[in-house]
Amino acid sequence: MAGIVELTLAQLRDGLRAKKFSAVEVADAYIGAVEKARDLNAFIVETPDLAREQAKAADARLAKGEGRDLEGVPLGIKDLFCTKGVQTTAASKILKGYVPQYESTVTSNLFGAGATMLGKLNLDEFAMGSANITSHFGNVKNPWKRKDGKDLVPGGSSGGSAAAVAARIVAGATGTDTGGSIRQPASLTGIVGLKPTYGRCSRWGIVAFASSLDQAGPMARDVRDAAILLKAMAGHDPKDSTSVPRPVPDYEKALTGNVKGLRFGIPKEYRIDGMPAEIEKLWQQGIEWLKAAGATPVEISLPHTKYALPTYYIIAPAEASSNLARYDGVRYGLRVPGSSLDEMYENTRAEGFGAEVRRRILIGTYVLSAGYYDAYYLKAQKVRTLIFQDFQKAWEQCDVILTPATPSAAFAIGENQDDPLSMYLQDVFTVPVNLAGLPGLSVPAGLSAEGLPLGLQLIGKPFDEETLLRVGGVVETAANFTARPGA
Amino acid sequence: MIIEGKTGNWELVIGLEVHAQVVSNAKLFSGSSAAFGAEPNTQVSFVDAAFPGMLPVINAFCVEQAIKTGLGIEATINEVSVFDRKNYFYADLPQGYQISQFTRPIVSGGRLVLDLPGGKTREIGVTRLHMEQDAGKSIHDQHPSKSYIDLNRSGVCLMEIVSEPEIRTPEEAGAYLKKLRAILRYLGTCDGNMEEGSMRCDANVSVRRVGTTEFGTRCEIKNVNSIRYVMQAIEYEATRQVELIEDGGTVKQETRLWDVSKGVTRSMRSKEHAHDYRYFPDPDLLPLVLDPKEIARIKAEMPELPDAKKARFVDQYKLTPYDASVLVAEKEQAAFFEEVAKGRKDPKLAANWVIVELFGALNKQGKDVTNSPVSAKALAGLLDLIENDTISGRIAKDVFQIMVETGKDAASIVEEKGLKQVTDTGAIDAAIAKVMAENEAKVAEYRAGKVTLFGWFVGQVMKGTGGKANPAKVNEILKAKLAG
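Protein sequences appear in the order of chains S and V.
Take 0 as the starting number for the first sequence in numbering that gives the first Met the number 0 and just add one per residue.
Take 0 as the starting number for the second sequence in numbering that gives the first Met the number 0 and just add one per residue.
If we strip away everything but chain V, and leave its shape as in the complex, we get (with noise of 0.2 Å):
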């Protein structure tokens, strides 16, 4: 995306910062549950609440997690990383610090592939992806003097992903928590849920004048919960930030919150002081040392990942490498298409149907193929008789659509309703015939040169048969028979 501003045209400059809560039982150093909605303050260890002479224990089940997502994206994974603390007080943050990893982060140096319109791709740098434990949380409309700690959350853990400042557009920034969110679901390390908060990001935004290379004073977004209102808020705030230069202003580096009623991000209101963490190697962990042998059997018990996929659905189904994505976009999407291709002449068909009828049903319904009304069984049924002739892919609509409302199979649904398709030549001659005396004017004009009639004779044939012909005889017959 351009801004074309007053004075020139500008580009963006986006980082992403994006907070993954790792899917685990246990916190990264307690053993309490990590399980989401629980009541307040159930959830809690002598550990998470910070009791004296309490001592962390790394979790050995989030730190595989965290190596299988940076295998995930393609990084390099530290054998030694460190865990420093960042100090800083808050009544959810029970020890005074968070425990967090600074210096030396356990993943370093990947790459996301980006699925853009049109099928094109582009690749962004990922700097990082270190491990943390999340805070408390705090609770200030329930009570007109106080405040409620709830701890449940204190000490879960969480994977920072930190991009490259090589984002450039809104639908980039889109597209990269998209891959991001597939990947992760992919390996099951998140369960990427933005609105439960269990995935979220905070966008760095700057502007420049187009041509230049320099990075403009940045604004970071914090408090947005979607992938939509991430898009939305790059690009309010880019667009702010032009007017504000255009209009003799300099942008001031903050920290900024989406306001979703409004549309607008708007500065967090000025922290009394400045934070300065005072990071350092937290001494009561060791480094954190992996063995090569371990991060190699994580390495070689890694699933197909949605790229690997989409070569291979392009590759082995033959589909446009933008149909691939989309059906890559989720596990269970591409698991359902391939359940649906099995075996099939002609997999495009199927790749069709997935996602132009089933997708748009779905879509309709806000469901989506793990609760999908149609299986995926049933609707290879449908394609079979589809491909056997049984049926014209225009009834096959209609018995899709019954398909969806009612669970039946498709089957039983063109028996019932006697939507077999005729492919008598008889039957076929004789609904010809009947249209061709009936129209013997149009014949003429027809035999007369105007052949474009022939799809309306197509169409009286098809409304003479109840849209039962088989369309291909319908053509073949006909065109002899008009021919004369």
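With the rest of the complex left out, here is chain S (with noise of 0.2 Å):
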């Protein structure tokens, strides 16, 4: 059945529910669609005998009326998070060929809820990038082509996960988000991205990036979608100290399509020099649809959003180049020999890591050395604070903030590329949200002059994922966003 793959998350949950089509179908028209999309790289490993395997034992429970949230659903799993028996890369040489003993929490739950995998998607390497262009696998592409038809980046670092999702080659998928690696790409790729509140999903068994920023979440083809993943997806969990112990809302049930008398902020801060005319336009599109189904905008301040990239490229790297640090060829993974532990060290990792990777490692390692702590971590650290205080103070004036997902488009493979910094300009909308610990959601809203999609986000309080997503559906009723890739 080709249509199946056309229908969301919550129709095909319905469907199986309602035995229009068994799991094993669902399965069979998934695994298909991923075998005709391979040029777009998504995947770095394809699992599709698990995938049937998994959905033998849906349709056994189907049957039976015990079908649980995500029953025979088929997704896509970033290839960070660590998944038992099936090869767990963080799209890197130096895990190449690790297979883990162990289920992360956050699949764990996915699974419990009946889901079945795919395989395993693409990403930047070590989740470090916003093109998907540092993959030890190869560059995913985006489904979406540009007028002039070249190939274009899908965002990062999930993009394997957006371009899947985007292309219908899984019904959803999980993503991270430590500077926007889920919101970007969702953006870059129309599609729903929502990065949870910091501690509503476990980080047990994911690759960890910079702990205290990392957070799971879904990428979906819409909002409703969205709420159904992350309510299988969330949940405290004692072996992540820093997950929080808060019940899990129906976050479906969220979205009433009601947000009278809510106040929106506009951070004047977020009207960036240079941001182009496409994008300040669309975010006044947004501004009318909410105010046109009842919400009220009010012009808040986040007086340090202009230091919150240079904050997050200091307090990320350092904490990245610590984590990645057990990647040292002593026990799994890649190992080069050398004549004494210290060369090991040295070719294993030269060999295993890519340059941004390097990169990332030798900032890190920089800002936490003797005589530059106080001056760059520590400094970065009081700055998040006052990021975090801006935010709080907002919370005084609305109820939800509303600005760009992204400050452009997706762009060309090798755009950007020469550049790091004007690639890390690509998360500046997004990582004040990661730095303050909030939930945000990429909502596709309308289409480039070059007929891209283009994402608004939408910032919430800590751990109000459902007004967020309540505020995300009307954003995307108005939008009606049915513009398609490669149509």
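There's no promise every hint is true.
Derived list of chain V stretches under chain S, where covered just means 3 residues or more per stretch with a C-beta under 8 Å from a C-beta of chain S [as the list claims (entries may be wrong)]:
id, region
1, 76-89
2, 396-409
Sample of chain S residues lacking proximity to chain V, with all beta carbon distances greater than 10 Å (derived) [stated by the list, open to error]:
id, residue
3, 35
4, 237
5, 268
6, 293
7, 418
8, 461
Calculated directly from the structure, the hints in this document are not laboratory data.
Glycine included, every Cβ here is placed at the ideal spot set by N, Cα and C.
The two chains are supplied separately, each in an independent frame; assemble them into the complex guided by the hints.
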């Protein structure tokens, strides 16, 4: 059934429960779609056998009327989540061939809700990148094309997840977001991406990039699908000390479409220099949509916004430099021999890590070094607190914040590539959200002049994903984003 | 200790860093067993081996052990402390960093009272106590070209306890370690076994001219696995530094290893690169916030510690401070003594017997009170016989010897061997009469004023009764008879 892959996750779930089709049929339809879309390079590993096996088990449950929330729904899993018995690489040569003997909490939750897995999705190496061009397994292509026909990047780091959801070769996908890695690729591929509040989803079993910023979240075709996935992914995990013991609401129920009386903040500092007119226009359009739905715009100030990127590019590499020390060739993964222990380390890490990862390890090592720690890391932590306080003050005036998701539409492979700084600018609107630990949602809202998707970002109060999703649903309805890649 | 150098007198400045392995079934951040002596790599979880995506979760019991220890050294328990990462690469450090506490330790500002010879005491400040993970173990001598790694120890909880640089002699260093070890053992927070490495000590040693207050350059001595060696190493190192300075050299700040076989400290092979540990707060762990109520509960459940016990022994049993400090040095010893002394008219007698006779015998056999051939009850039985005049103190020593050898109780030994003391004055009278009759010349000498012969007469009478005569009675009657 070719039509199966056109269904949203919610429709698929309902169809499975109504026995309109079987989980095995669904799996087969998606396995076929995955095979046809290999040109995108969205997957590092495909797991069709596993998907069929899981689908059979799902059918057995569905037959007994015991279908769980995601019974028989095929997902793609970002290859940053450790999956038991299935290679997990973080898109790095240093972990090529590594097969975990444990299952990450988030994937375990998803499988526990009945989801099936089509494979492991490509990403920027160790989730470091905004274009999915740093993967050891090659870049991912955006299913969207510019008018000049050039291959475009899907954004990153969750580029494989975004491309796969946009190309409808998975019903939904997991992503992780450290500085925008869910929301930016979602925006660049015309899908919905949700970075939950820090602590909402367990980090256990996710290859760490920057522990104080990393957060797993759903990437989906629409807001409802994101809500369904988040419910299954989230929850307290005693194995992650930073996960928060709060009950998980039924996020789907939050999608009432009613935002009357809600106040949404428009941060003046997000009107950055050189912002393309079409982004500005899209933002204005978003304001109009929410006003029309009965919400009230409030101009707010987040005065430390301009320090967010530099702060992020101190804290994230600092943590990464330490988190990635374990890839040393001693216990698992790549080992390149040397005549001494130190030489083995040097050979292994020089060959195992790509250029961007090495750059961030070096930056991180530098900012933590004796004599520089106070000037960089400590200062950055103080600024981070100020950024957090900016948002706290903003919540006195508004319930949610509306911003653009990215400063531009998808760019071509090769563009932005020579200059790390312009690449880092991709995260200018998303990074403050990670620094403050807040939830952020990217919703497709329109097309660029080049016919490429553009997203709007909604930022919520801590653990108020419900409001975020509710407002996101209203934006989604108003935007009526029906454009499709390759159309 | 003052070192008399060629150019004047020098004083030692010593600070000790003790790593005490916390008594706990599980490791600090994983559920793996922390037991000693298992087959290599059998007590290793994915967390201990730092597999991708693994996260540490603090073991609440280890925290409680650290709090207990902090209270035991009368320190401040910090309601908020922070775990930091200490970054360095080594094959037996799987994460590439050690989780430790750097800027904000769980415990700060404690003190230890040293028991010194002659019953003197001296107080030494404890700067801090923090919790950290142990590393694994590298084994280099099993293969010609490879090293083996055992991660059983990786992640085991250690307490690093740092003294102020207030220790002035090797003896004080020894007393510091003994007192710390006693407190740890009383609390059950560390077994204090230096040979197995569950208590390790690094000593920071410098010297300065007597009368000056500036610190000299210090050396850190590592790898010392007994209290005796710590004392020897400090003495050697201080002497080395004095000679070096007096010969026109300067002390280089460095890490030195104690070479047991040669009895010297030597410079550790200088590392190829100086370590910059790049400490920063571990983002995988929230700050450790303690509930004051919980601290109060632990405080309320604290056992009596050596200093308090010592004071009580002096007060309750009228022991000398020195005897009391000897007895309280080990919890089991103190308990043994109390069992022997219980309800006794003369607890000092019990203390003497425990310290002199029992410890002497145990020492010879390489045993301690926990596996003593003479139980506290048996020793009490022997002391009962002395106190009720059944046997003399001298006979008691013989009986004790038999008890040590056979494990029998005192009363049956006395019965079997017919060692009961003769208190019947008739028998003593007869023995005295016999001695006086056989030694008329000596009686005359005595009566002529050579009273020093009295002891000789006592000896003869005792000999005549096979040592069983009650010495006090012999004294009393003999004195009267000799007086004529």
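A quick look at each hint next to the structure:
no. : hint    : result
1   : 76-89   : holds (count 4)
2   : 396-409 : violated (count 0)
3   : 35      : holds, 31 Å
4   : 237     : violated, 7 Å
5   : 268     : holds, 26 Å
6   : 293     : holds, 40 Å
7   : 418     : holds, 28 Å
8   : 461     : holds, 15 Å
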